[in-house]
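Asks: Listed below, chain by chain, are the residues.
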Amino acid sequence: MEATVEVTKEFDVHEIRQRFPVLTRIVNKKPLIYFDNAATAQKPDVVIDALDYYYKKYNANIHRGIHALAEEATSAYEATRTAVHKFLNSKFREEIIFTSGTTESINLVAYTWARKNIKKGDEIIVSTMEHHSNIVPWQLVCEEKGARLKVIPVNDRGELDMEAYKSLLSEKTKIVSVAHVSNVLGTINPVKEIVKYAHEAGAITLIDGAQSTVHLNIDVQDIDCDFFAFSAHKVYGPGGVGVLYGKKKILEEMPVFKGGGEMISEVTFEKTTYNELPYKFEAGTPNVGDVIVFKRSLEFLEKTGRKNIHKYEQELLKYATGAFKEIEGLRIIGTAKNKTGVISFLLDKIHPQDIGVLLDQQGIAVRTGHHCAQPLMDRFGIKGTARASFAMYNTREEVDRFVVALRKAKKMLQ
Amino acid sequence: MQFTSISEREKEIVDNFSLFDDWEGKYEYLIDLGKKLEPLDDKYRKEENIIKGCQSTVWLVADYRDGRIFFKADSDAIIVRGLVSMLIEVLSGQTPEDVLSAKMEFIKEIGMMQHLAQTRSNGLVSMIKQMKNYAIAFHSIHS
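Sequences listed follow chains A and B, in order. 10 is the number that the numbering used here gives to position 10 of the first sequence; each next residue is one higher, with no gaps. 77 is the number that the numbering used here gives to position 77 of the second sequence; each next residue is one higher, with no gaps.
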């Protein structure tokens, strides 16, 4: 009988879980349920092993060495650049710049492109749902240049008000910088449309992909954004590595960011000329080992299949949303039509921190607080939320256990 | 009015917690302490009395009478309120010298050390610091 059944082994979550060593941990005498993936994702064995191997076998400083180890490290480092270039489908390989994370990527643009091009009276557009990392760098530019920050409002479901956005755009708009996916609400923003309208108004665009890259297929040429920023650690990769994608023409015209080694062509005390792309933006010794192993997490994603992951996560989100709603007094903040696996919630009048503490006692990791998005909290008239965020290795059983644990916390706090 | 020493008060708290052998019991007791803490009068719930923690808000006020410091405090999170209640239980009514030298070992003994971790998740560390700052201030004014 069984032989006649065609088994299509698309995505086996239990097989995937075995690839993430940390998931076997016991926390407070309970098997860990890790629902804090929007903060950082756990790492598969291939990433951990590759980092171990790098430090044991070929740790070296890159680009300038002529010895074997330096050459091996350099080619592995550059291989990651190629992998990211393919992962994002950028037109040119040299459009990929390594940074320390999304925050640095955004700051790089704010400190170089914006300080060269933003003038008094110009406008920068962000949205209400931005992470502080996509607000503060622009506020600094505005203060320095006498420019104005304009903010796209968010509706009650947690979606951008696109009509309001269109009305904010004008010839004064120089850059539009918005999140692809909200870290609090999970809302997937229509970035292609956002970019199109910005370009029509003569502005350039930056997409903060910190929360989207792990969940969605990213094609920067299709989005047509001018910059795209994300962090490796949220994509099952190592900490301390970020990416800034920028269109070649814009990157070439941009002034340098940090001065130091690697970013130069020639240095004399009279004048220094700068290296070509992408090295002109990579001053100093980079985070070599972590950049190298980042390739492994991208390969892991590709191998698992981004479509499979997306489908699985969407089903899990649907299941979890249904299960969460069963809990009396639970209110979900962020009910957009297009969402990733993020559920921010409030329970009666209970402080989110109390929920977080009692879930932790039951081995469950969630995040509580304002999630570095205070303007968004103000929009919803709240101080913070508890947030469960899912990854490819989370299961329905975990959601069920979470619901039991949350009911228990609720009972204890009442 | 009778004053028991910091170590006596600490011992009492540790004894109370030792009655529970699971986390549920401990936390239910802590939540209960939080509920029983007398709410801080609205007039004290102002910006200058807030101890900055990342998530929950903690208000702290201090009063100095007859050589002793009396603390009042509150929080918008109930577990923090329970912790706050214990700090007040131990430190309120003590002399500035005793507040300053208090080691607060009982927090470790009752298994609540995680709340002292430097995670910015609550204001407990800042709260103890602020209580000691009051002790320094009152000590220098009145000595």
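Just so you know, the hints here were simulated from the structure itself, not pulled from any lab data. Heads up, the beta-carbon is just placed ideally off N, CA and C, and yes, glycines get one too. One or more hints might be untrue.
What the hints assert, rightly or not - Here are the in silico distance ranges between beta carbons for each label pair:
| # | chain 1 | residue 1 | chain 2 | residue 2 | range |
| --- | --- | --- | --- | --- | --- |
| 1 | A | E315 | B | E8 | 57 to 63 Å |
| 2 | B | D41 | A | D348 | 21 to 27 Å |
| 3 | A | Y319 | B | E38 | 57 to 63 Å |
| 4 | B | D22 | A | G259 | 56 to 62 Å |
| 5 | B | E8 | A | V22 | 57 to 63 Å |
| 6 | A | C372 | B | A137 | 30 to 36 Å |
| 7 | B | S18 | A | D400 | 50 to 56 Å |
| 8 | B | R65 | A | Y319 | 56 to 62 Å |
| 9 | A | G329 | B | K43 | 28 to 34 Å |
| 10 | A | K311 | B | K43 | 53 to 59 Å |
| 11 | A | E315 | B | D41 | 49 to 55 Å |
| 12 | A | N155 | B | E8 | 42 to 48 Å |
Asks: Run every hint past the structure and note whether it holds.
Replies: Hints and how they fare:
1. A:E315 - B:E8: 57 to 63 Å: Given a distance of about 58 Å, which is inside 57 to 63 Å, the answer is holds.
2. B:D41 - A:D348: 21 to 27 Å: 25 Å, holds
3. A:Y319 - B:E38: 57 to 63 Å: 44 Å, violated
4. B:D22 - A:G259: 56 to 62 Å: 58 Å, holds
5. B:E8 - A:V22: 57 to 63 Å: 44 Å, violated
6. A:C372 - B:A137: 30 to 36 Å: Given about 34 Å between the Cβ atoms, the range holds.
7. B:S18 - A:D400: 50 to 56 Å: Taking Cβ atoms as reference, S18 of chain B and D400 of chain A lie about 34 Å apart, which means the hint is violated.
8. B:R65 - A:Y319: 56 to 62 Å: 59 Å, holds
9. A:G329 - B:K43: 28 to 34 Å: The hinted range 28 to 34 Å holds for G329 of chain A and K43 of chain B, with Cβ atoms some 31 Å apart.
10. A:K311 - B:K43: 53 to 59 Å: 57 Å, holds
11. A:E315 - B:D41: 49 to 55 Å: Once the Cβ atoms are compared, 51 Å apart, the range 49 to 55 Å for D41 of chain B and E315 of chain A holds.
12. A:N155 - B:E8: 42 to 48 Å: 58 Å, violated
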